[in-house]
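Trainee: So the chains spell out like this:
Protein chains: 2
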Amino acid sequence: MTYCLGIVTRHGLVMAADSRTNAGVDYISTYQKLFNFSAPGDRVILLCSSGNLSITQSVLNVLEQDLRQREAENLHSTATLYDTARYVGNKMRQIQQQERGWLEKDGIDSKCTLLLGGQIQGEASPSLFMIYSQGNFIQATTETPFLQIGETKYGKPILDRTLSYETALADAAKVALLSIDSTMKSNISVGPPIDLVLYEANRLSIQHQVRLRSGDPYLLKMRQLWEIALRGAFEQMPSLDWDRYK
Amino acid sequence: MTYCLGIVTRHGLVMAADSRTNAGVDYISTYQKLFNFSAPGDRVILLCSSGNLSITQSVLNVLEQDLRQREAENLHSTATLYDTARYVGNKMRQIQQQERGWLEKDGIDSKCTLLLGGQIQGEASPSLFMIYSQGNFIQATTETPFLQIGETKYGKPILDRTLSYETALADAAKVALLSIDSTMKSNISVGPPIDLVLYEANRLSIQHQVRLRSGDPYLLKMRQLWEIALRGAFEQMPSLDWDRYK
Numbered sequence: 001m002t003y004c005l006g007i008v009t010r011h012g013l014v015m016a017a018d019s020r021t022n023a024g025v026d027y028i029s030t031y032q033k034l035f036n037f038s039a040p041g042d043r044v045i046l047l048c049s050s051g052n053l054s055i056t057q058s059v060l061n062v063l064e065q066d067l068r069q070r071e072a073e074n075l076h077s078t079a080t081l082y083d084t085a086r087y088v089g090n091k092m093r094q095i096q097q098q099e100r101g102w103l104e105k106d107g108i109d110s111k112c113t114l115l116l117g118g119q120i121q122g123e124a125s126p127s128l129f130m131i132y133s134q135g136n137f138i139q140a141t142t143e144t145p146f147l148q149i150g151e152t153k154y155g156k157p158i159l160d161r162t163l164s165y166e167t168a169l170a171d172a173a174k175v176a177l178l179s180i181d182s183t184m185k186s187n188i189s190v191g192p193p194i195d196l197v198l199y200e201a202n203r204l205s206i207q208h209q210v211r212l213r214s215g216d217p218y219l220l221k222m223r224q225l226w227e228i229a230l231r232g233a234f235e236q237m238p239s240l241d242w243d244r245y246k
Numbered sequence: 001m002t003y004c005l006g007i008v009t010r011h012g013l014v015m016a017a018d019s020r021t022n023a024g025v026d027y028i029s030t031y032q033k034l035f036n037f038s039a040p041g042d043r044v045i046l047l048c049s050s051g052n053l054s055i056t057q058s059v060l061n062v063l064e065q066d067l068r069q070r071e072a073e074n075l076h077s078t079a080t081l082y083d084t085a086r087y088v089g090n091k092m093r094q095i096q097q098q099e100r101g102w103l104e105k106d107g108i109d110s111k112c113t114l115l116l117g118g119q120i121q122g123e124a125s126p127s128l129f130m131i132y133s134q135g136n137f138i139q140a141t142t143e144t145p146f147l148q149i150g151e152t153k154y155g156k157p158i159l160d161r162t163l164s165y166e167t168a169l170a171d172a173a174k175v176a177l178l179s180i181d182s183t184m185k186s187n188i189s190v191g192p193p194i195d196l197v198l199y200e201a202n203r204l205s206i207q208h209q210v211r212l213r214s215g216d217p218y219l220l221k222m223r224q225l226w227e228i229a230l231r232g233a234f235e236q237m238p239s240l241d242w243d244r245y246k
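Sequences listed follow chains S and B, in order.
So the first sequence is numbered by the working numbering: it starts at 1 and just counts up by one.
So the second sequence is numbered by the working numbering: it starts at 1 and just counts up by one.
Don't take each hint at face value.
[To be verified] Calculated cross-link-like contacts (lysine-lysine; reagent style DSS-like; alpha-carbon spacing at most 27 Å):
hint	chain 1	residue 1	chain 2	residue 2
1	S	K246	B	K221
2	S	K111	S	K185
3	S	K221	B	K246
4	S	K185	B	K105
5	S	K105	B	K105
6	B	K221	B	K185
7	B	K111	B	K221
8	B	K111	S	K111
9	S	K185	S	K221
Just so you know, the hints here were simulated from the structure itself, not pulled from any lab data.
Because the structure is a prediction, the values reported are computed rather than measured.
Extracted from the complex, chain S is given alone in its bound form:
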């Protein structure tokens, strides 16, 4: 499984991803799922991937190839992030068309989903897209400032309760890690290292990119503090007065 999320606020963009991939429970391995295609000074382009690994790797490969061969359309030539989402969606369609029939013969799911976040010179603010297997896509908005792919449910309650378009970037990074930690706690097929990128709006280059490995002191401390805080909050909550309902 996989869990990736992107958060776009007034102040910039945070993207994060776990690195665990499993083909059944007896073949678990580590694959990077957060990719940086930025051209500092001109554009920030970040991609996260989930779903069928052979498809997402193929899509990433053709994106890289287009860049290397300086095709007319590539990740560094698009004028807006919307155009970039359209271009990546088209590459997704091309790979799905090549592969899907062969996989379906053996009942193998070819589905995959990408997150695309960034900002291109001339754009007023960063933006964030989710690109589906079908090549279509949706965009995060000020009302719903985050998008998730993969194993999304365990980590959603914390996002629903803390995030808004006004959230500070350092806080968005904290929430992203807490959301991934909640997911890792409840689903063993999501696991470290965690890749985390922070981009401040209008800088056109990434401020921070880190990889938090298994046993990372901050991750351990975060989980410990969070559990203590949850238990404290829980203990302070009044119990139900059953007699009220008689």
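Got chain S sorted already, so can you dock chain B onto it with the hints?
Mentor: Coordinates of chain B only, in the frame set by chain S:
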């Protein structure tokens, strides 16, 4: 959708269920999903249901009919809760066999899942089972003292972080409500009223059974306090020191 959960600890049993049912997003209605078949003094028998409503209602009807007609095997004649799970599983198989073919013709999912919790005179402790569409079942254990059915993921992190077999019953009831509240916050197809039952081990009759309706003051206060506590915990958590990872 539906969300029900059962928690069994050294001190007894808590079972809880929402009451929202939807056939698509344009047909939402309220159905009870927690049923009390206890015979006070002799046994506590609680059932929660999720999945295809026509199937779960049929299973409940034949269980009631067996009771009314005093069939040799019924919910009040079984010797152990394990036997009760086996009996309910057989009724599930009978109904699935009658209905499934007709539903499958139109691609309708006949799946459903039940929780069975309680204790029968002569048993050393309460127990909790999850009965599948296929009629087989699993049992909660001291290591994993809770079982969930329906929309289970949003409400699982809070259970994973707070529950153990030693948890006090009043706390288990609080966690059950928080788990349902987290689910309602993230999935609009799970909703009030919430049915909640508390059973103290070895009493052979239920101590508390309440129905918390939409706008219930305790539910509102719980959500508010929990959000304040989560935000407080979140703000106190140190931010990531990005420079450490350079």
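Trainee: State for each hint whether it applies.
Mentor: Hints, verified against the model:
1. K246/S <-> K221/B: Roughly 19 Å separates the two Cα atoms, so the pair holds.
2. K111/S <-> K185/S: holds, 25 Å
3. K221/S <-> K246/B: holds, 19 Å
4. K185/S <-> K105/B: Violated, at about 40 Å.
5. K105/S <-> K105/B: holds, 23 Å
6. K221/B <-> K185/B: holds, 14 Å
7. K111/B <-> K221/B: violated, 36 Å
8. K111/B <-> K111/S: holds, 24 Å
9. K185/S <-> K221/S: holds, 14 Å
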